[in-house]
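2 protein chains.
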Amino acid sequence: MLEKRKPIPVGEAVKRIMFHEIHGQTEHVSINESYGRYLSEDLVATSDVPHFDRAPYDGFAVRTIDTIDAAQTNPVEFEVIDHIGAGMVTDKEVGAFQAVRIMTGAQMPIECDAVVMLELAKAFERDGKNYISIKRAYKPGDNVSYRGEDAKEGDILIKKGTKINPGIQAILATFGYAEVPVAKKPIVGLYATGTELLDVFDQLEPGKIRNSNSYMIAAQIERAGAKVHYFGQLPDEFDTCYEAVKNALINVDMLITTGGVSVGDYDYLPAIYEKLGAEVLFNKVAMRPGSVTTVAQLEGKLLFGLSGNPSACYVGFELFARPIIRKMLASEKPHLRKEKAILSVDFLKANPFTRFVRSALTVSEGRFVASPSGLDKSNIIMSLAGANSLMILPGGTRGFEAGSEVDILMLEDFDGSEWPW
Amino acid sequence: MLEKRKPIPVGEAVKRIMFHEIHGQTEHVSINESYGRYLSEDLVATSDVPHFDRAPYDGFAVRTIDTIDAAQTNPVEFEVIDHIGAGMVTDKEVGAFQAVRIMTGAQMPIECDAVVMLELAKAFERDGKNYISIKRAYKPGDNVSYRGEDAKEGDILIKKGTKINPGIQAILATFGYAEVPVAKKPIVGLYATGTELLDVFDQLEPGKIRNSNSYMIAAQIERAGAKVHYFGQLPDEFDTCYEAVKNALINVDMLITTGGVSVGDYDYLPAIYEKLGAEVLFNKVAMRPGSVTTVAQLEGKLLFGLSGNPSACYVGFELFARPIIRKMLASEKPHLRKEKAILSVDFLKANPFTRFVRSALTVSEGRFVASPSGLDKSNIIMSLAGANSLMILPGGTRGFEAGSEVDILMLEDFDGSEWPW
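Heads up: the sequence lines are chains A and B, in that order.
Counting in full-length UniProt numbering, the first sequence runs from 1 upward without gaps.
Counting in full-length UniProt numbering, the second sequence runs from 1 upward without gaps.
If we strip away everything but chain A, and leave its shape as in the complex, we get:
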């Protein structure tokens, strides 16, 4: 059964996946749990900020009309009739040539329209009363933060799909979002297939290796913002796998399998998709690694048949599964962020297909520099650990020289891109 497959370009493969209108859901979580989640609705200001006129500095609230004649040669005196800290409101009425000692953040007395900074007022006592004298005039609004200056009620402050960072946490708290609307994490099912696989706690045996792909992809799923449902390992047996895949689909939003996709005697994922009645979107992509990736859909749920080869599996996940996960997280930029970088070394391997090279992206004097993190076959596992990006080397070329400009896709970035292909 050496079936012939027709490779399609990467962009076309991604398009066939993203064409599926799979939408995420909203759930409300406590603000204490919202950091790192994705907003599922635009964040709207529920009040003006500040919601009262306030003093941005320590000092004395005054009526500017009383300061008009103040000058270096003509100090003007004010009686200090009250003393208010942040959170307090004066209950006194401030009359002519009266002032209120006011702390940073406190609400302005209604009659006052400027704040004299502490270090510009000379304080003194006379007859048991407190006074200040000032030597310059003030304009209405001097050293006052007005209501609504930071934000107006109803303003859209942050767009949905944004990952919640510490600054957004501050905004959520400011506007009273004790419960935050966030995108529910899609549940991504995961099966590793392969009779050669041992589990992480097993002793090594001749011919067998420990399953590393599952742990790697589980972390990639988490990094993408979804939740993994790991079902375990499957032997290379058609019937067992068929039943497993069929049952797993019920409980997840999408299903990833690793292994069983190459054209070869023991590779049967395509046959399972056929028996399930799933529509195969593609089964070969014009790229290295990961060319034998197969993606299908059944009743709106996507099935990702990734290669059992670690790097092919890694790249396949990032290019094909990540964007649909991010879309379900309300992102408008669901794909890996694409930027330009300078290639640090010669990469002279010719390739008819587009190549995605695991790379370490660094910055030198403000410029991105990309270095392949695994140039040869001998350090595949190390190169995955050191990779924070994938360099895109277009097919049909004779190789690239050090100093060339190349496109790179960033793996540890939260911004993403709308469409990198």
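Among the clues, some could well be false.
[Unchecked claim] Some chain B residues judged to face chain A by a derived CB distance under 10 angstroms, without partners named: (1) M88; (2) M103; (3) A178; (4) S212; (5) A219; (6) Y314; (7) E339; (8) L411; (9) E412.
[As the list claims (entries may be wrong)] Derived lysine to aspartate or glutamate pairs resembling EDC-like cross-links, with alpha carbons at most 16 angstroms apart: (10) B/K333 / B/E412; (11) B/K163 / A/E222; (12) B/K227 / A/E33.
[As the list claims (entries may be wrong)] Chain A stretches covered by chain B per the calculated footprint, using a threshold of three residues with CB under 8 angstroms from any CB of chain B: (13) 214 to 223; (14) 330 to 341; (15) 359 to 368.
These are computed hints drawn from the structure, not numbers from a lab.
For every residue, glycine included, the Cβ atom is placed at its ideal position computed from N, Cα and C.
Guided by the hints, dock chain B onto chain A, whose structure is given.
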């Protein structure tokens, strides 16, 4: 009590904190929980990888000695005596002009020293037996992955202090680390002080604002890799705060308070430190914002008195608290990563002190470009949400023009720097 304080340079302030030999602890977590944690020990290869000679491609394992005479004009035939998938080991002995059909990843038969790729072998049947013929000679090792080629037992693969990414998860699984030694998350206590503070679920009141700093710093603590123990809010009362701080210290590795540090009537954190008998490391830093940050230590535990102003609080945490947290997470680069960027706009405000400007760092044609995310006082809360970096504008300058090169500190980065000052 308008106390005079002597500002010290940022680098000197950080040095006084990092001088404290506070070491983190190790804990072992399941590999299923280790993604995103920091390795507390070097990751060592527990076996060779691969731990047996294996076929990197689908094909036929042969003895190269039998291929010597093969050529385009002289096809040589091999009898295929077995068929092994990944995870299987042949029990047959491979003799002269015999071959074994072998799948990617399977263990090489002991007598064989090369693999003929599937597409280069012509398969046929004769007298009920399977044969292939090949038309070229092979050298020992052709298409064989030798034992130990990827890693040798005892190799140090990843340095301690590294954040565990998906690739490292794969390595952990490969080497059987079902339990992973990671740095225990330091427990960072947090109190917000201020009579003006409402909680996130409270209705707004005249003169009062919702406490946003706590939620912001809680997220910053989590981003830094530690665990927050949020104790709540405190009114501006010395005795209450003194007791609270004293008791909180027992249960945490370090304690952060916000508010109560400015030179003013209601600012009493320095007085609390004094009564506790804590050693004040500094109480003023030559920087904006955050100049009134106070840091003290008591019996080896650090107390961070951050400003109640949101941006001062944010910057103070990142410059002073983050590095000691990362140090406890075994990092050798505990400080914010420093890079160079091009300033996108004029920033002509002169300042005697070093200024840390909340900035949005983007990349244009492979170069970092930094744009202040809040140029004026009116959008402090928004500028925090949009900031992924802090631009460092040195003091004593008259401002900076668009196109200038500036230093920036990256906030969402995992690499860090050894010493950015």
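Do the hints match the structure? See the list:
{"no.": "1", "hint": "M88", "verdict": "holds, 6 angstroms"}
{"no.": "2", "hint": "M103", "verdict": "holds, 6 angstroms"}
{"no.": "3", "hint": "A178", "verdict": "holds, 4 angstroms"}
{"no.": "4", "hint": "S212", "verdict": "holds, 4 angstroms"}
{"no.": "5", "hint": "A219", "verdict": "holds, 4 angstroms"}
{"no.": "6", "hint": "Y314", "verdict": "holds, 7 angstroms"}
{"no.": "7", "hint": "E339", "verdict": "holds, 5 angstroms"}
{"no.": "8", "hint": "L411", "verdict": "holds, 8 angstroms"}
{"no.": "9", "hint": "E412", "verdict": "holds, 7 angstroms"}
{"no.": "10", "hint": "B/K333 / B/E412", "verdict": "holds, 14 angstroms"}
{"no.": "11", "hint": "B/K163 / A/E222", "verdict": "holds, 14 angstroms"}
{"no.": "12", "hint": "B/K227 / A/E33", "verdict": "holds, 13 angstroms"}
{"no.": "13", "hint": "214 to 223", "verdict": "holds (count 9)"}
{"no.": "14", "hint": "330 to 341", "verdict": "holds (count 3)"}
{"no.": "15", "hint": "359 to 368", "verdict": "holds (count 5)"}
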